[in-house]
Amino acid sequence: MHDPEMEDRSDMDDEYTEARIRTALESANLNVLRLALYQATGDPELAAMEVVRIPLRGGAFFGYLVADQHHEAIKEKALRFLLQRPDVHDVRIPADDELRAMMALLTGEELSDSEFRFGREELALEPFPRRAYWSGERPAAADDVRVVIVGAGASGIAAAIQFELLGIPYAIYERQSEIGGTWNLNRYPDARVDTSSFLYQFKFEKNYPWTEYFASQVEVKRYLEHVARKYGVHDKIRFDVEVTRAHFDEAGSRWRLELVRDGAVEQLTADVVVSAAGLFSTPKFPDIPGVDEYEGQLFHTTAWGIDYDATGRRIAVIGNGSTGVQLVPKLAQTADQLYAFQRTPQWISPMENYREQITPDIRWLFDHVPYYWNWFCYSSQVTSSGMQGAQVYDREWQKAGGRISERNDGMRAILTEYIRGKVGHDPDLLAKCLPDYAPLARRLVVDNGWYDALLQDNVELVTEPISRLTAKGIATADGEVREVDTIVFAAGFEVTKYMWPTEYVGRGGVRMEDLWEKDGPRAHLGLVVPGFPNLFIFYGPNSQPRAGAFLSWIEIWARYTAQAVADLLESGHRTMEVKEEVFEEYNARLDAAHSELIWATEGPVGKNYYVNAHGRQNVNVPFANHEYFEMVAAPDLDQFHVR
Numbered sequence: 004m005h006d007p008e009m010e011d012r013s014d015m016d017d018e019y020t021e022a023r024i025r026t027a028l029e030s031a032n033l034n035v036l037r038l039a040l041y042q043a044t045g046d047p048e049l050a051a052m053e054v055v056r057i058p059l060r061g062g063a064f065f066g067y068l069v070a071d072q073h074h075e076a077i078k079e080k081a082l083r084f085l086l087q088r089p090d091v092h093d094v095r096i097p098a099d100d101e102l103r104a105m106m107a108l109l110t111g112e113e114l115s116d117s118e119f120r121f122g123r124e125e126l127a128l129e130p131f132p133r134r135a136y137w138s139g140e141r142p143a144a145a146d147d148v149r150v151v152i153v154g155a156g157a158s159g160i161a162a163a164i165q166f167e168l169l170g171i172p173y174a175i176y177e178r179q180s181e182i183g184g185t186w187n188l189n190r191y192p193d194a195r196v197d198t199s200s201f202l203y204q205f206k207f208e209k210n211y212p213w214t215e216y217f218a219s220q221v222e223v224k225r226y227l228e229h230v231a232r233k234y235g236v237h238d239k240i241r242f243d244v245e246v247t248r249a250h251f252d253e254a255g256s257r258w259r260l261e262l263v264r265d266g267a268v269e270q271l272t273a274d275v276v277v278s279a280a281g282l283f284s285t286p287k288f289p290d291i292p293g294v295d296e297y298e299g300q301l302f303h304t305t306a307w308g309i310d311y312d313a314t315g316r317r318i319a320v321i322g323n324g325s326t327g328v329q330l331v332p333k334l335a336q337t338a339d340q341l342y343a344f345q346r347t348p349q350w351i352s353p354m355e356n357y358r359e360q361i362t363p364d365i366r367w368l369f370d371h372v373p374y375y376w377n378w379f380c381y382s383s384q385v386t387s388s389g390m391q392g393a394q395v396y397d398r399e400w401q402k403a404g405g406r407i408s409e410r411n412d413g414m415r416a417i418l419t420e421y422i423r424g425k426v427g428h429d430p431d432l433l434a435k436c437l438p439d440y441a442p443l444a445r446r447l448v449v450d451n452g453w454y455d456a457l458l459q460d461n462v463e464l465v466t467e468p469i470s471r472l473t474a475k476g477i478a479t480a481d482g483e484v485r486e487v488d489t490i491v492f493a494a495g496f497e498v499t500k501y502m503w504p505t506e507y508v509g510r511g512g513v514r515m516e517d518l519w520e521k522d523g524p525r526a527h528l529g530l531v532v533p534g535f536p537n538l539f540i541f542y543g544p545n546s547q548p549r550a551g552a553f554l555s556w557i558e559i560w561a562r563y564t565a566q567a568v569a570d571l572l573e574s575g576h577r578t579m580e581v582k583e584e585v586f587e588e589y590n591a592r593l594d595a596a597h598s599e600l601i602w603a604t605e606g607p608v609g610k611n612y613y614v615n616a617h618g619r620q621n622v623n624v625p626f627a628n629h630e631y632f633e634m635v636a637a638p639d640l641d642q643f644h645v646r
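Following this note's numbering, the numbering of the sequence shown begins with 4 at its first residue and continues without gaps.
If you're looking for bench data, these hints aren't it; they were derived computationally from the structure. Watch out, some of these pointers could steer you wrong.
[Said to hold, decoys possible] With a straight-line Cα cutoff of 30 angstroms, these simulated BS3-like cross-link-like pairs (lysine-lysine) come out:
(1) LYS435 to LYS475
(2) LYS80 to LYS209
(3) LYS333 to LYS287
Sequences and hints are given; from them, build the entire structure.
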């Protein structure tokens, strides 16, 4: 007689044989495994093991490995523990002092108070390490609040989940027909994240079964759909609706919005508006004469058609940032001729495990070793965050003859050697590929086979400036015309159009765009602006973290916003508006902090999306991750006019 329960037990037995465990342990990050075991068992021998700091990318940042002499002992301890089938192990969350000591064991370095508070959430031991709360019972006033979220990408989803948990009514309006935001826009071949999948995830969704270390566009979009459905927000998304205008009605203390659905204009009111339009949502088209004259196919990468076939075509790709570098190698495989137009050479780096599948052994460790996933993700964050040190000028190093700092110069040397190893046999090509500015002054690009593609007979790297488009192709400043069937703009996005396509009008009829005319977009904490009550901006001005887990910051902004609304309702008031003096003081500190970083002065002027037309860094936050975290971990109503 067939017994499904006995079959399941047999399958479990197969998962916990000594041979299966030993095989999986050979793929383990042993420092991560050590911490997971220590949390599960408290074995003091694990805590006493030596950790070695290993320089990565020429010392730009560091990895932390357990010393070789401990490797076999860790694996044997893990084997004995895992033979006990600890998948039913009770989750144990250590007290803060114990947890802080454990986190220090990972690197052998003590944590500051703010580093610990940020890191504790990154470790993600609680079901929802970042969420807003009512101080007591949910107030009846919450029933009468209407929140409108503009955008159903990662930011909109995260905001919606926070309001869902609080029980505050909300709706999401999305101009596209599907979920995903930028990951729905960007469907070009080989589109994928350039940070680890284990950094590009929400901390409340545990152990998602990523198939690749660097998730593809398809997988990221699938992940966002999964999260939206699992946490109950998908049914509250209104697709194919564009919010074109929002103005604050001072008499009614509410926002009045104009929506366009199926060509018809609709009106809507809201108490709170969250702009989750994102930074990478408005395609950028180069200002090139002759666009109307060109007779071939021309489109931006965000308009990529799934039926486009590059086979036998003559193609021009304009742009060599992350998108162009991902796209060119794929098109070069089948195109008859490909011209890669480059305005500025990039620092392009190899990346371990890029395009690699997550093996069954690694998946086994995540699924069967208690806390392994938590410590693996935390370790990834710690390593990535270390890159912040290479963004800072070392004035003493410069006085001694260095360019930027020991860490940044070391990175420059190692990346230069990488480029030489790829194209150094061709001096002309090498000269075109080597940047003359510091690494990290622009976004570091991951090599997807870019240099290998440039060496193909059917690929030409063009560095002459484009003068115009002709009916048949592209004319460059040297007078040469390259005839092509297709022109692809891989020129990125209009990153200063934070809230496009919505026009926001605040108190006194002031338009947000007019307010930002002086030196580009600004906000307090990247989230709120004086004169615009109850309006929150996600991925707002100067809010991109310097390194690390981006979706963590979306969670943090979402918690801040939802907690602000909860605190407002509990205070018995209806609106909150950041004080002008708070806004000004924060932005003065922001500008001062930027002066110690390389972005504005090292990056090529006018060719760096980090820096706006006024010469000001407009994208990244200049504060270290743990410093910025302290500012946005919770709202302070004393910073707001509350009415």
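Handout entry: 30 angstroms limit on alpha-carbon distance, applied to hinted pair LYS80 and LYS209
Key = holds (25 angstroms)
Problem - Pair hint LYS435 and LYS475, alpha-carbon separation not exceeding 30 angstroms - result: Holds: LYS435 and LYS475 sit about 26 angstroms apart, inside 30 angstroms.
Handout entry: Restraint check for LYS333 with LYS287, where alpha carbons must lie at most 30 angstroms apart
Key = holds (22 angstroms)
Hint check: no violations occur; every hint is consistent with the structure.
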